[in-house]
Every structure is written in C-alpha cells, then in structure tokens.
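Enquirer: Read off the chains here:
There are 2 protein chains.
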Amino acid sequence: MTKPNIALIGLGLIGSSLGHAIKKHGLAQHVSGYARSRKTRETALDIGFVDVVYESAAAAAQGADIIFFNVPMGAFYSLAAEIMPVLKPGAIITDVGSVKASVIEDISPILRSDVYLVPGHPIAGTEQSGPTSGFAELFVGRWCVLTPTPETNLRAVETVAKLWRDIGSDVEFMDADHHDMVLAITSHIPHLIAYNIVGTASDLEADTRSDVIKFSASGFRDFTRIAASDPVMWRDIFLRNKRAVLEMLSRFNEDLTALQRAIRHDDGDTLQSMFSRTRDIRKSIIDAGQDMAEPNFGRHNKTDEH
Amino acid sequence: MTKPNIALIGLGLIGSSLGHAIKKHGLAQHVSGYARSRKTRETALDIGFVDVVYESAAAAAQGADIIFFNVPMGAFYSLAAEIMPVLKPGAIITDVGSVKASVIEDISPILRSDVYLVPGHPIAGTEQSGPTSGFAELFVGRWCVLTPTPETNLRAVETVAKLWRDIGSDVEFMDADHHDMVLAITSHIPHLIAYNIVGTASDLEADTRSDVIKFSASGFRDFTRIAASDPVMWRDIFLRNKRAVLEMLSRFNEDLTALQRAIRHDDGDTLQSMFSRTRDIRKSIIDAGQDMAEPNFGRHNKTDEH
Numbered sequence: 001m002t003k004p005n006i007a008l009i010g011l012g013l014i015g016s017s018l019g020h021a022i023k024k025h026g027l028a029q030h031v032s033g034y035a036r037s038r039k040t041r042e043t044a045l046d047i048g049f050v051d052v053v054y055e056s057a058a059a060a061a062q063g064a065d066i067i068f069f070n071v072p073m074g075a076f077y078s079l080a081a082e083i084m085p086v087l088k089p090g091a092i093i094t095d096v097g098s099v100k101a102s103v104i105e106d107i108s109p110i111l112r113s114d115v116y117l118v119p120g121h122p123i124a125g126t127e128q129s130g131p132t133s134g135f136a137e138l139f140v141g142r143w144c145v146l147t148p149t150p151e152t153n154l155r156a157v158e159t160v161a162k163l164w165r166d167i168g169s170d171v172e173f174m175d176a177d178h179h180d181m182v183l184a185i186t187s188h189i190p191h192l193i194a195y196n197i198v199g200t201a202s203d204l205e206a207d208t209r210s211d212v213i214k215f216s217a218s219g220f221r222d223f224t225r226i227a228a229s230d231p232v233m234w235r236d237i238f239l240r241n242k243r244a245v246l247e248m249l250s251r252f253n254e255d256l257t258a259l260q261r262a263i264r265h266d267d268g269d270t271l272q273s274m275f276s277r278t279r280d281i282r283k284s285i286i287d288a289g290q291d292m293a294e295p296n297f298g299r300h301n302k303t304d305e306h
Numbered sequence: 001m002t003k004p005n006i007a008l009i010g011l012g013l014i015g016s017s018l019g020h021a022i023k024k025h026g027l028a029q030h031v032s033g034y035a036r037s038r039k040t041r042e043t044a045l046d047i048g049f050v051d052v053v054y055e056s057a058a059a060a061a062q063g064a065d066i067i068f069f070n071v072p073m074g075a076f077y078s079l080a081a082e083i084m085p086v087l088k089p090g091a092i093i094t095d096v097g098s099v100k101a102s103v104i105e106d107i108s109p110i111l112r113s114d115v116y117l118v119p120g121h122p123i124a125g126t127e128q129s130g131p132t133s134g135f136a137e138l139f140v141g142r143w144c145v146l147t148p149t150p151e152t153n154l155r156a157v158e159t160v161a162k163l164w165r166d167i168g169s170d171v172e173f174m175d176a177d178h179h180d181m182v183l184a185i186t187s188h189i190p191h192l193i194a195y196n197i198v199g200t201a202s203d204l205e206a207d208t209r210s211d212v213i214k215f216s217a218s219g220f221r222d223f224t225r226i227a228a229s230d231p232v233m234w235r236d237i238f239l240r241n242k243r244a245v246l247e248m249l250s251r252f253n254e255d256l257t258a259l260q261r262a263i264r265h266d267d268g269d270t271l272q273s274m275f276s277r278t279r280d281i282r283k284s285i286i287d288a289g290q291d292m293a294e295p296n297f298g299r300h301n302k303t304d305e306h
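Taken in sequence, the protein lines are chains A and B.
Mapping of the first sequence onto this note's numbering: residues 1 to 306, in sequence order.
Mapping of the second sequence onto this note's numbering: residues 1 to 306, in sequence order.
Excised from the complex, chain A in its bound form (with noise of 0.2 Å):
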C-alpha cells in the first residue's frame, strides 16, 4: 500500500504540529501546503513541515489523497466549494474543527458522491498559535474524536483514524452532536468565561488594574491563559456551535444566579452544600487518569491562592 499524498489546508499551531507528527513518523509520500498568508507560506516551507506550499487551497488539494482543514471554521464552506472540483476520485476530507455537527451541514451539501468527508477534532492544544508553534507531539496521548455519518464511507473513516494513532493519538468515535454538548461544557464554556472575566477585569480603574495584574496569581492568572487563544478561531467557535454553547450557558447562569442569590442573602448552608458537591466530579476525573495528562501533575500545585 503506497503512502497518501497529504494536504494542509492551514499551517497554524495545528497544521504545522501534523506536518511535523507525519514527517516524523512518515506517514505520507507527499505532504502539502496552503495558508493565506504568504509569510506563513514561507515559513512553513523554511521549517520544512511540508514539502511544497501553493498560493491556493485548490492547487495545495490537488492531486491529495488526504485534505486536512485547519483553519478557523467560519472558512470552511468557501474552502470546501474551492476545492470540490478538483479533487481527486476517492479523496478524503477530515478537519480538525472544535464544532462537528457544523461541518456537516457546511460540507455535505457540496461535498461530491466520490469525495469523503470524516469530520475530527483533536482534543489538543496550546494558547500559541502560528506556524513556528507546532510540534510533532502535541497530539501524543491525547484524544482524536472522529463523527462519521451513518453514510460516511467505512474506509476512509479508517484511514483517518489510523493516521491519527500513528502520530499517537487514542481515537473516539461519537455523534457529531453529542460531541458539541460535551465540548461546549468542557471547553467552549470554560473558555467564554475565561475571556469574560479578563474583558470585565480590563475594564477596572486604571489602578485597580494593576493591581489585579499584581494579584493575577489568586486564580486570575489561569483565565488569562486561557483567554489568550486565537479570536478568530473561538469566533468561529461559538457561532459554529450556537445552539449547545446558548444552552449551556443558560444552565450555568441559572446555577450562577442561584449562587449569587446565597450570597446576597447570607445563605451559607447553600454554598458550602454547592461547592461540597463539585469535588466528587473532580474525583472522577483523576480516578479517569485525566489529571495525569498534565506533564506537571504531582508537584506542589501553586496555582490556586486565594
């Protein structure tokens, strides 16, 4: 079996962390490159994460066996109707958007009866983004979620998925929507808040602001981390994944109200029942191993002052 010619439509943090992983582990005869940016271009190819770039999506797909999308999703419908006519018979699309149900609906309309389409997410990350921040690592012991349709063909799910365990990955299979209300709690929740505290905190008094960059090692410093991630990429986020994100968000503002009433009328019993509560789900997570996925598990944890 000959290795697949490999196209990357994007080359930012995780775009180029798959050059490097299939470089690495040579999973592809052929990988190739397309980024907006012609300066990204140029640095993908001086890196040498890819082995040519295009200046179109088109002519980077062309002739790909696999197409990777990893670009913020809000392109992905434009991308798709590019590419369509000239892709190769039997050509697989996969992505690695935070939203599934989305692409889909963005894709399959377009998407031509000999082309597949096996829509992924890894779950992995940094708060870096750009072409110089990928590594051959970063998908190594993490979870890659595949939501193939009913229709998908059988084949090119597996393709993708052993690629994914190639360069490490443990692979998941889900609905597409299941998938957008668990990450919608896990993830784009966490990360809603986290960019809404550090906006209402840079709205403060220019002194007390300073203060709170002072103090930010209380618990504020953890949000600002998080809130540090691409715009563009969370814009699309949540515009992508609307109907799970609204609906969460009024669980969590009904739970917040409820809390913000305790303190309002000095209910105590209330609160110390709601944070006594949370500790068995945090249980949960360690006895799943999903602490130790943190390399610096173990050690005296200072984080989280107060």
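No wet-lab data here; the hints were simulated from the structure.
Treat the numbers as computed from the prediction; the structure is a model and nothing was measured.
A hint or two may mislead.
As the list claims (entries may be wrong) - Where chain B lies over chain A, by a calculated footprint (3+ residues, C-beta under 8 Å):
#: 1; region: 235–247
#: 2; region: 274–283
As the list claims (entries may be wrong) - Distance condition first, Cα-Cα at most 25 Å in a straight line; then the derived DMTMM-like pairs of lysine to aspartate or glutamate:
#: 3; chain 1: A; residue 1: Lys242; chain 2: B; residue 2: Asp207
#: 4; chain 1: B; residue 1: Lys214; chain 2: A; residue 2: Asp177
#: 5; chain 1: B; residue 1: Lys242; chain 2: A; residue 2: Asp207
#: 6; chain 1: B; residue 1: Lys214; chain 2: A; residue 2: Asp175
#: 7; chain 1: B; residue 1: Lys242; chain 2: A; residue 2: Asp267
#: 8; chain 1: A; residue 1: Lys283; chain 2: B; residue 2: Asp207
#: 9; chain 1: B; residue 1: Lys214; chain 2: A; residue 2: Asp255
#: 10; chain 1: A; residue 1: Lys242; chain 2: B; residue 2: Asp267
Idealized CB from N, CA, C, for every residue including glycine.
Based on these hints, arrange chain B on the given structure of chain A.
Expert: Okay, now just chain B, sitting in the frame of chain A:
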C-alpha cells in the same frame, strides 16, 4: 531582642505551612497550636511544626506574642472574643484571611486597647487542605498583603511584616476595601465561576457526564482543580466579601450577557473584538513577571485544548 512566642490558631494548609516556615527559619522561641479536631492537633504534633497543642484557642494564645488566625473567617469573631481576656499586653493578633475589611469589622469592636490587630493575607495556597498539606516554601516569592488601619500600632505592623519577609514573602500594604475589591476579581469571582461550572456539569445526564470527565483536558479540568478547594473556607470568603463580590459579579454578568447576545445574533465582529482585547492584560501579566511564579512556565503547555 528575644524571639516571639507564636500561636497558630488553625492547623490546615496555611497554619501548617506557617509552622514549617517559622521552624525552618528559627523565627519563634516557641510555637503553640490549636485546631478544633483532636486528630488534626495530634497530626500537627507528630509532624512537629508546633511545639505543643492545646484543646482550646485561649490556652494556645495565652502567653503568645503573635497570634495567627488560620481558620475559616466565620470563626474569627468568636475566636477573638474567646482569647481576648487571656492575651498578654502587647500581643498582636494577625490573620491570613482572604477578605480584609470584615476582619477589621469583626475584631476591632472587641479589641483590647493593649492588644494590636494587623490584618494580613498571603497570596499563596494550593487546592490541598489539612495539617499534612503544608510546606515551608509555600510563601516564598509570593505577595503578602497587610491592611493595617491608620490607628494600627506601627511597631506591631513592622513585627508582622518582618516575619512574612523572613519566610520569603514580598510584603505589600493596602487599604482593606481596595484589597477586597482586587481580590474579588482576581480570586473570588474566578473561584465562584469554577465552582459553578463544575456544578452545572455535574447536573448533566449520566452519559454526558462521563464524557465530560473523559474530555476534561479541553479546559474544564483547570476549573475542577480550582473547584476542589475547601468549601467551608470559600463559603466564608463569599459571605465576608459580599459587597465587592456582588459588585464584580454584576459587571461579569453584564459582560457575559453581551457575549451571549452576540452569539445568539451571529455577531462575529463583537465576539472577535471582545476576544482580542483580553490579550493586552495577558501581556501585562507576562511583562510584570507574574506568569513566572508558576514553576512550569515555559514548557509546552497542553492545557488549552479546544
């Protein structure tokens, strides 16, 4: 100048860390301890970060030059009332509570004229609790905020400040109300939100909840760690800092409502611009070196998956 006798009222994370640090640097002639639980007292004595323990706070405080309150803030008033009659002239009461105006309000009315109150707040901690969780280095390189009133005896203030400096902290003086406002946004609201989102998640249907645990590395996990902090201590922080917390929570809610509205109305421009402005404050924190307090900074940070 002879070394002071120090009493530690409360032998949890902060109390035990204080004991270890005071012992390590030889800063006391004698360290007495009190905790409500017999088991905690025995553990403290076994570990040896106190010289002796007593079954009452009054017994531990009698004869002490400096008395540290290291217990949930709801207990401060009754503790102060209990020990006041037995304190020796010139004794200094200080504390490590996360709210400062309420300490002054609670204790000042019953303070003897020959006893001094120096409210303090070390910006240091972990999500662990109990007498086995302390370590001498917890306060090294961390801020300790003291909030004396204009009436506070200056020698008492300097005695407490020197002790914190001797165990490695950077001491900062601040108005109590200003402290409470700054900590509301940097620490109390972040913790409230973390408790809240973990609570929202734990109310989800069982199958979704298990996937939330599985994919917690996508952002949620950081919140569960914060939400693992001691529920009683946090109950008291919110009750004690009610005014500033409710004020900051109102601002937070207004901003969150604006984001929610932008998502509902597909207003990508508003989302992108709100997500972009938070980068400035992040940059200020890095410039101020507050990001370096974390010993693991600089590694590939894999906590920001999405």
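Enquirer: Tell me, in ascending order, the numbers of any earlier hints that this structure violates.
Expert: Result: no hint breaks.
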